[in-house]
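Asks: Protein chains in written order, with numbering that gives the first Met the number 0: chain A, 0 to 309; chain B, 0 to 309.
Treat the hints as calculated values from the structure; they're not laboratory data. The C-beta atom is built at its ideal place from N, Cα and C for all residues, glycine as well. It cannot be assumed that every hint is accurate.
[What the hints assert, rightly or not] Here are the computed lysine to aspartate or glutamate pairs in the EDC-like style, where the Cα-Cα straight-line distance is at most 20 Å:
1. K179(B) - D245(A)
2. K179(B) - D257(B)
3. K179(B) - E167(B)
4. K179(B) - D65(A)
5. K179(A) - D155(B)
6. K179(A) - E80(B)
7. K90(A) - E129(A)
8. K179(A) - D271(A)
9. K90(A) - D58(A)
10. K90(B) - D58(B)
11. K90(B) - E41(B)
[Stated by the list, open to error] Covered stretches of chain A (in silico footprint by chain B; criterion: 3 or more residues with CB under 8 Å from a CB of chain B, positions within the stretch not fixed):
12. 212-218
13. 290-302
There are 2 protein chains.
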Amino acid sequence: MTSPMFGKVALVGIGLIGSSMAHAMRRAGLAGHIAGYARREETLDAARACGFADSLHSDVREAVRDADLVVLATPVGSFGELAQSFAPALKQGAIVSDVGSVKSAVVRDVGPHIPQGVHFIPAHPIAGTEQSGPESGFAELFDGRWCILTPPPGTDEGAVATLRAFWEACGSNVDIMDPKHHDLVLAITSHVPHLIAYNIVGTADDLEAVTEGEVIKYSAGGFRDFTRIAASDPTMWRDVFLNNRDAVLEVLGRFSEDLSALQRAIRWGDGDALFNLFTRTRAIRRGIVDAGQDSAVPNFGRNPKLPPKP
Amino acid sequence: MTSPMFGKVALVGIGLIGSSMAHAMRRAGLAGHIAGYARREETLDAARACGFADSLHSDVREAVRDADLVVLATPVGSFGELAQSFAPALKQGAIVSDVGSVKSAVVRDVGPHIPQGVHFIPAHPIAGTEQSGPESGFAELFDGRWCILTPPPGTDEGAVATLRAFWEACGSNVDIMDPKHHDLVLAITSHVPHLIAYNIVGTADDLEAVTEGEVIKYSAGGFRDFTRIAASDPTMWRDVFLNNRDAVLEVLGRFSEDLSALQRAIRWGDGDALFNLFTRTRAIRRGIVDAGQDSAVPNFGRNPKLPPKP
Numbered sequence: 000m001t002s003p004m005f006g007k008v009a010l011v012g013i014g015l016i017g018s019s020m021a022h023a024m025r026r027a028g029l030a031g032h033i034a035g036y037a038r039r040e041e042t043l044d045a046a047r048a049c050g051f052a053d054s055l056h057s058d059v060r061e062a063v064r065d066a067d068l069v070v071l072a073t074p075v076g077s078f079g080e081l082a083q084s085f086a087p088a089l090k091q092g093a094i095v096s097d098v099g100s101v102k103s104a105v106v107r108d109v110g111p112h113i114p115q116g117v118h119f120i121p122a123h124p125i126a127g128t129e130q131s132g133p134e135s136g137f138a139e140l141f142d143g144r145w146c147i148l149t150p151p152p153g154t155d156e157g158a159v160a161t162l163r164a165f166w167e168a169c170g171s172n173v174d175i176m177d178p179k180h181h182d183l184v185l186a187i188t189s190h191v192p193h194l195i196a197y198n199i200v201g202t203a204d205d206l207e208a209v210t211e212g213e214v215i216k217y218s219a220g221g222f223r224d225f226t227r228i229a230a231s232d233p234t235m236w237r238d239v240f241l242n243n244r245d246a247v248l249e250v251l252g253r254f255s256e257d258l259s260a261l262q263r264a265i266r267w268g269d270g271d272a273l274f275n276l277f278t279r280t281r282a283i284r285r286g287i288v289d290a291g292q293d294s295a296v297p298n299f300g301r302n303p304k305l306p307p308k309p
Numbered sequence: 000m001t002s003p004m005f006g007k008v009a010l011v012g013i014g015l016i017g018s019s020m021a022h023a024m025r026r027a028g029l030a031g032h033i034a035g036y037a038r039r040e041e042t043l044d045a046a047r048a049c050g051f052a053d054s055l056h057s058d059v060r061e062a063v064r065d066a067d068l069v070v071l072a073t074p075v076g077s078f079g080e081l082a083q084s085f086a087p088a089l090k091q092g093a094i095v096s097d098v099g100s101v102k103s104a105v106v107r108d109v110g111p112h113i114p115q116g117v118h119f120i121p122a123h124p125i126a127g128t129e130q131s132g133p134e135s136g137f138a139e140l141f142d143g144r145w146c147i148l149t150p151p152p153g154t155d156e157g158a159v160a161t162l163r164a165f166w167e168a169c170g171s172n173v174d175i176m177d178p179k180h181h182d183l184v185l186a187i188t189s190h191v192p193h194l195i196a197y198n199i200v201g202t203a204d205d206l207e208a209v210t211e212g213e214v215i216k217y218s219a220g221g222f223r224d225f226t227r228i229a230a231s232d233p234t235m236w237r238d239v240f241l242n243n244r245d246a247v248l249e250v251l252g253r254f255s256e257d258l259s260a261l262q263r264a265i266r267w268g269d270g271d272a273l274f275n276l277f278t279r280t281r282a283i284r285r286g287i288v289d290a291g292q293d294s295a296v297p298n299f300g301r302n303p304k305l306p307p308k309p
């Protein structure tokens, strides 16, 4: 029997991503021991019932003790305090990483607490569902998705290679990127999409002339798609926006400018401007389906039966 | 053998919705003869290969001749001209309906052409996929979805009851509504969601600092969801926005106002405002899933395996 990639892995946070990592590690035999940390007793109980961890802790120092890989997987606003708290218990030669959706703020908040002799490599697996909590994780979450590593300049190459191999063994493709560029890319591919989804669901909820019952009944016209990502974890997403302010505001500015132009095209009946945009956007959908990043089945496969092939 | 609900049904337009109606009528045995009309030869050829129509026509008067039910199912901008063209061939006692996503404009454009003795009942089945064309239709499209009828004041009650029974036999639930209210409800549940989806895909395409390849690779962060509806038929959607201008601009104004408030909350680090909105929006998702209008499975069921139950 070959020995696992890591003797011990500590998951500091065992929600959707942390628990999915545990399942993926089990599937590939990547860890001799999986330790999980959560602040609340009920989260630990839920994780215990799922059985994906070898040990569960409410003391973060105990969770990380002797760990070869420590992964922060709580909302990003809590990273700094947690890192400060567990830093004295870190093993020499260990890798500290995370799964946060922002990266510059993680470098800023976690970096200063990492002791000499410990490797710090921020990471972001771009995968998820609208669910949260230890029960929501599953081994296949990262299959075929991308994980972005943002190692600070001078990071040990061997440690980066190890973390890359770890994510590949969890099913991911891996890219290396500068944290600032990561934050801009994710602002357009994830953060602003979530923001406008949350926003339109809020707008619908606030309209006086349309009832909530009507919004629900007729949501298959398109609205329902937005409610899925607007059902994502509120704490996680609050922290994303508070910690990627500049990139989000920059992309949001562009979005609003473009929307004003569309609004004007509608007001003045400029059908060509509308038609041209609506044609151009089809190509990106095709690119995403061709790259295996979304289902090719119509309606995400939600219809009871697929259309007959011609 | 019982006789079908209609001796002959004419589908003026045989794209996604028209062809799905043909399949649903066949499934329920609702029509003795299904006639299809399309302007272009290649659309007629594609429909012929699918086999869902008993006769296919490039002359709209021939298609509607002797029909008991005539359904306009082309982009709404073409309705007026088509109705004017087929009006002289309509049978006395026939029902003329449509499937357009706007209703006030249909009353305005089609109503004046309907002869005495013919029943005019606009309708809108709220169902669809991002695909288009005769090959994309399937019988189950309307199952469990809502169809809204907007009969003008004074419409024959028997004709309304017949059209209601028709849509119920196609699998739909049926509501009756005022066309102006329909247009406002659909602006929030369908039209503005499509507009902002098209818009963000356009914004992503235009960013200089993020490549199209990056947008595609990292789209699983949320962006990919928007690309589905932004791949919908450009002509159909151009006509929707040109023909529901007032309601779309009203809802869009509210959306933009709300988005400005969110933008301000991000700029000033108001985490409570963000958290409160992100919590409120979860309830609407639950309502939609509970009402059977969307899948309860995480990620619309796109993951290779469902999460284990706790």
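Asks: All the hints need checking, so say for each whether the structure fits it.
Replies: Checked hints:
no.	hint	result
1	K179(B) - D245(A)	violated, 41 Å
2	K179(B) - D257(B)	violated, 24 Å
3	K179(B) - E167(B)	violated, 23 Å
4	K179(B) - D65(A)	violated, 67 Å
5	K179(A) - D155(B)	violated, 65 Å
6	K179(A) - E80(B)	violated, 55 Å
7	K90(A) - E129(A)	violated, 35 Å
8	K179(A) - D271(A)	violated, 37 Å
9	K90(A) - D58(A)	holds, 16 Å
10	K90(B) - D58(B)	holds, 16 Å
11	K90(B) - E41(B)	violated, 29 Å
12	212-218	holds (count 6)
13	290-302	holds (count 10)
In summary, the numbered hints that this structure violates are 1, 2, 3, 4, 5, 6, 7, 8 and 11.
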